[in-house]
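Trainee: Sequence:
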Amino acid sequence: MQVFLHRGELHIIPREAELSADDDGSTSPALCAAVSYVCTHHSVTVASALIQQVLQCRISGYHIS
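Numbering (our numbering), first residue to last: 1 to 65.
The set of hints was computed from the structure by calculation and includes no laboratory data.
From the three backbone atoms N, C-alpha and C, an ideal C-beta is built for every residue, glycine too.
Quick list of the computed label-pair ranges, beta carbon to beta carbon:
| # | residue 1 | residue 2 | range |
| --- | --- | --- | --- |
| 1 | Cys39 | Glu16 | 12 to 22 Å |
| 2 | Glu9 | Leu31 | 16 to 26 Å |
| 3 | Ser60 | Ala30 | 23 to 33 Å |
| 4 | Thr40 | Gly61 | 30 to 40 Å |
| 5 | Ser60 | Glu16 | 31 to 41 Å |
| 6 | Leu55 | Arg15 | 17 to 27 Å |
| 7 | His63 | Arg15 | 28 to 38 Å |
| 8 | His6 | Ser60 | 10 to 20 Å |
| 9 | Ala33 | Arg7 | 11 to 21 Å |
| 10 | His42 | Arg15 | 11 to 21 Å |
Make a model of the complete structure from these sequences and hints.
Mentor: Below is the structure:
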């Protein structure tokens with residue numbers, strides 16, 4: 001499983017998603033394929049509202065400059 005933040009929302013790519021492997025032969029999806037999957041399968045990969053809320057509470061104290 002891989003997770004991404006996209007447009008302020010947490011997205012989870014399940015292991016069973018059929019994405020091409022990295023050039024090093026690892027089983028993790030290549031970054032470009034994973035980002036494309038998140039963009040094209042937004043409603044499938046977006047985490048639940050409860051998980052989004054928990055994430056926002058955890059990161060609310062961090063300031064990004």
